[in-house]
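Peer 1: On the provided structure of chain A, position chain V as indicated by the hints.
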Amino acid sequence: MMAVLFTILASALGALIVGAILKRRGKGLMGGMALGAVAGLLGSLATMVPLQYCVLEPENHMFFELSVLGQTVTVNAVALLGILLVFVVTWSFALAIDRLRHQWQARSTTVWKADTAPGTFVGYDFSPWIFLAPTLVGLAVFTYYPAAQNFFLGTQLARRGVANTAFNCLDNFASLITSRLQDAHYYILSDGFIWHAENARYLAVFGNSVFFSVFIVLVANVLGLAIALLASQKIRGASVYRTLMIWPYAISGVVVGIVFAILLGGGGSGFLNQVLRLFGAEPLPFLSDPWWARASVVAAAAWNKLGFNVLIYIAALQSVPMELMEAASIDGANAWKRFLNVTIPMISPYIFFVVFLNLNYSFFDLYAVIDNLTEGGPVNATTNLVVDVIRVGVESRDIGKAAAQSIVLFMVVVGLTYMQFRVMGRRVTYGAD
Amino acid sequence: MGFPLFYAALVSTQNNAQMFRLQMIPGDSFGFNLQTVLDRNITRLMFNTFAVATMVTLGKVVLSIFSGMALVYFRFPAKSLVFGLILAALMVPGEVTIIALFRLVALELGWGNTWTALVVPAVASPTGVFLFRQHFASITPELSEAAQLDGAGPLQFLLRVLLPLSRNTVTALVVIMFIGAWNSYLWPLLIVTNPDFQVIQVGLSTLDDGVEIGRTWGPIMLGAVIASIPPITVFVVMQKQFLQGFALTRHK
Numbered sequence: 021m022m023a024v025l026f027t028i029l030a031s032a033l034g035a036l037i038v039g040a041i042l043k044r045r046g047k048g049l050m051g052g053m054a055l056g057a058v059a060g061l062l063g064s065l066a067t068m069v070p071l072q073y074c075v076l077e078p079e080n081h082m083f084f085e086l087s088v089l090g091q092t093v094t095v096n097a098v099a100l101l102g103i104l105l106v107f108v109v110t111w112s113f114a115l116a117i118d119r120l121r122h123q124w125q126a127r128s129t130t131v132w133k134a135d136t137a138p139g140t141f142v143g144y145d146f147s148p149w150i151f152l153a154p155t156l157v158g159l160a161v162f163t164y165y166p167a168a169q170n171f172f173l174g175t176q177l178a179r180r181g182v183a184n185t186a187f188n189c190l191d192n193f194a195s196l197i198t199s200r201l202q203d204a205h206y207y208i209l210s211d212g213f214i215w216h217a218e219n220a221r222y223l224a225v226f227g228n229s230v231f232f233s234v235f236i237v238l239v240a241n242v243l244g245l246a247i248a249l250l251a252s253q254k255i256r257g258a259s260v261y262r263t264l265m266i267w268p269y270a271i272s273g274v275v276v277g278i279v280f281a282i283l284l285g286g287g288g289s290g291f292l293n294q295v296l297r298l299f300g301a302e303p304l305p306f307l308s309d310p311w312w313a314r315a316s317v318v319a320a321a322a323w324n325k326l327g328f329n330v331l332i333y334i335a336a337l338q339s340v341p342m343e344l345m346e347a348a349s350i351d352g353a354n355a356w357k358r359f360l361n362v363t364i365p366m367i368s369p370y371i372f373f374v375v376f377l378n379l380n381y382s383f384f385d386l387y388a389v390i391d392n393l394t395e396g397g398p399v400n401a402t403t404n405l406v407v408d409v410i411r412v413g414v415e416s417r418d419i420g421k422a423a424a425q426s427i428v429l430f431m432v433v434v435g436l437t438y439m440q441f442r443v444m445g446r447r448v449t450y451g452a453d
Numbered sequence: 009m010g011f012p013l014f015y016a017a018l019v020s021t022q023n024n025a026q027m028f029r030l031q032m033i034p035g036d037s038f039g040f041n042l043q044t045v046l047d048r049n050i051t052r053l054m055f056n057t058f059a060v061a062t063m064v065t066l067g068k069v070v071l072s073i074f075s076g077m078a079l080v081y082f083r084f085p086a087k088s089l090v091f092g093l094i095l096a097a098l099m100v101p102g103e104v105t106i107i108a109l110f111r112l113v114a115l116e117l118g119w120g121n122t123w124t125a126l127v128v129p130a131v132a133s134p135t136g137v138f139l140f141r142q143h144f145a146s147i148t149p150e151l152s153e154a155a156q157l158d159g160a161g162p163l164q165f166l167l168r169v170l171l172p173l174s175r176n177t178v179t180a181l182v183v184i185m186f187i188g189a190w191n192s193y194l195w196p197l198l199i200v201t202n203p204d205f206q207v208i209q210v211g212l213s214t215l216d217d218g219v220e221i222g223r224t225w226g227p228i229m230l231g232a233v234i235a236s237i238p239p240i241t242v243f244v245v246m247q248k249q250f251l252q253g254f255a256l257t258r259h260k
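Same order as they appear, the protein sequences are chains A and V. For my numbering, count along the first sequence from 1 and bump the result up by 20. For my numbering, count along the second sequence from 1 and bump the result up by 8.
Just chain A, same shape as in the assembly (with noise of 0.2 Å):
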């Protein structure tokens, strides 16, 4: 009865808020309704069904509070990530629906080409796929099984090394914003803060995650473009100075979190503090300050990523025809305006390329060099994203919750690649090459 409830009232929503939405800009209201109630069908059908109608059955909750300008209510984290869920599936529904209306008009009218395909093979009917089993079964036993895993675990409670699971709805993904031992408390414009919050455990390795993405590139980029710049202007000896600049890239995150280790560690006895103290200066908690952590952690992967950013932008500056910065030079621009105005766009496909590289990698592969340098710690303060599935899901041997926080990790990955596409996408053009 409620489930039948539920639909009726997502089909009604998503009617609602897709018609008015299409009606803004400017197209029917009617077909607006009609694809919103579609959408909310579906929507919650795909949601729900899977998950048996859980989030509506009142024994499911786990609660955290919320102050919104002083007044505190105590939000169910499960109905809420239950709705979150049921919105976003919509959504998506609806814009597939759209795109595949607009591509069944557009088949209608235009006539399609044959497909010619110069130089296949004809006459070889069973090759390709005899030449494509291989990896498409890999891939489809090591990547997308594990994948589609990820969604079933995630709503396990699943212990590792047992083989048997229990359904616990949302729970893993709940605990993620709510905490088991003490209350978790989210404050907006409320007590002289404007976003504030308590006992987030997850929320903060999630600000670790992006702390470091947003430094990593930071230092990577500025310092590699800088080195760049320095280094295109001499010409003699350029592929020794290359080499010199560029074989970090091959060192293994371990061996740059242990190297690092002894030049900022060991309680004052590390390099760095060592050279400190022989000009008279106070040790520096490299490691034992959470922000010193955190800055060591960026250190070490920008040291690591910085020669290869330094080669691209060598490339990239290279380039930038002459003809161009003579004209501005002409025209009265001196070098900084040539390089912000020249320069800088002329390059900024290589700068989107290198950026997008370096946040893929500093989202997702800093566990060596976390593992080996900090262990994450101190208290967590260097626990990012992908340490904390591993704590979790392999050293806790909570499966389950361990899959929610992939699930987490994926949506990472889905933003970062749309990031990717749309400014690429509108970018790009400034002629690469």
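Hint data in this document are derived by calculation from the structure and do not stem from the laboratory. No experiment lies behind these values; they were computed from the predicted model shown. Possibly wrong hints are sitting among the right ones.
To be verified - Which chain A residues face chain V? A few, computed with CB under 10 Å, are given here:
id, residue
1, VAL142
2, TYR144
3, SER147
4, PHE162
5, ALA168
6, ASN170
7, ARG180
8, LEU264
9, TRP267
10, VAL279
11, ILE282
12, LEU283
13, VAL412
14, ALA422
15, ALA423
16, SER426
What the hints assert, rightly or not - Stretch by stretch, here's where chain A covers chain V in the computed footprint (C-beta under 8 Å, at least three residues):
id, stretch
17, 11-20
18, 71-79
19, 184-195
Just so you know, even glycine gets a beta-carbon here, dropped at the ideal spot from N, CA and C.
Peer 2: Relative to chain A, chain V alone:
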């Protein structure tokens, strides 16, 4: 840029006392450190890593060439769907699926503590397929038409025409994949617990002499330097081809 590894090399000749004294000349403990890492079976770790990295690299290159060829030189139904599936896998970093993969390989397949677990899940490479697909697509189709007129089948065309034309791409992929496989840490850390099957990256922190309180850094640094020699060598030697091949990935 080179200082951190230079310092690691310096410490690899020192004992803890010399290191903590900030001695900037080589110490006298190189022999002791070397003996320690040999006692800790660094040769076994290095051999394991070399074997696994070689198998993974070889598998990736061969499978990628075949898949790239299928995607460029054949017509078959659902081709764009297949390519889309491979592209989708390209976007997803391994860390996203690692928990479910760990459960699959350790629990359902029971491959824990084997080289199979280190090699087989890694050999299907969306990056490699993408790289070769782009490379083959950039080769003029007249070549394969000419080959067909001369009566060559796909395999003959691959061996006689495509491979000689693809040296840079193959090298680039070998460099990327070998360094990646050599440096992989998280997966072996999870799936291998038996030191006989372990790889060097995970083994590094066990290269302690186990006598002194706290870590003895000399042997660990020596291990780090030894572990870095193969990937740096591969990288420096094949740098030029790597960069030429790598340029391909930019033209998505």
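Peer 1: Next item in the hint list is ASN170/A. Is there a CB on chain V closer than 10 Å to its CB?
Peer 2: Nearest chain V Cβ about 5 Å off; hint holds.
Peer 1: Would the stated hint for ALA423/A survive a check requiring a Cβ distance to chain V of less than 10 Å?
Peer 2: With a minimum Cβ separation of about 6 Å from chain V (threshold 10 Å), the hint on ALA423/A holds.
Peer 1: Could you check if ALA168/A really has its C-beta closer than 10 Å to a C-beta on chain V?
Peer 2: 8 Å, holds
Peer 1: Using the nearest Cβ pair, does TRP267/A come within less than 10 Å of chain V?
Peer 2: 5 Å, holds
Peer 1: Is the shortest C-beta separation between SER147/A and chain V less than 10 Å?
Peer 2: With a closest approach of 6 Å, the SER147/A hint holds.
Peer 1: Would the hint on LEU264/A stand, with a C-beta cut-off of 10 Å toward chain V?
Peer 2: Given a least distance of 7 Å, the restraint on LEU264/A holds.
Peer 1: So, as I understand it, the hint says LEU283/A touches chain V; can you test that by seeing if any CB pair is closer than 10 Å?
Peer 2: 6 Å, holds
Peer 1: Less than 10 Å between beta-carbons is the criterion; does VAL279/A satisfy it with respect to chain V?
Peer 2: 5 Å, holds
Peer 1: So, as I understand it, the hint says ILE282/A touches chain V; can you test that by seeing if any CB pair is closer than 10 Å?
Peer 2: Where the cut-off is 10 Å and the nearest Cβ of chain V is about 6 Å from ILE282/A, the hint holds.
Peer 1: Given ARG180/A as an interface hint, is the shortest Cβ-Cβ distance to chain V below 10 Å?
Peer 2: 8 Å, holds
Peer 1: Does the interface hint hold: is VAL142/A within less than 10 Å of chain V, judged Cβ to Cβ?
Peer 2: With a closest approach of 8 Å, the VAL142/A hint holds.
Peer 1: Please count how many residues of the stretch 11-20 of chain V have a CB within 8 Å of a CB from chain A and say whether that reaches 3.
Peer 2: holds (count 5)
Of the numbered hints given earlier, the model fails none.
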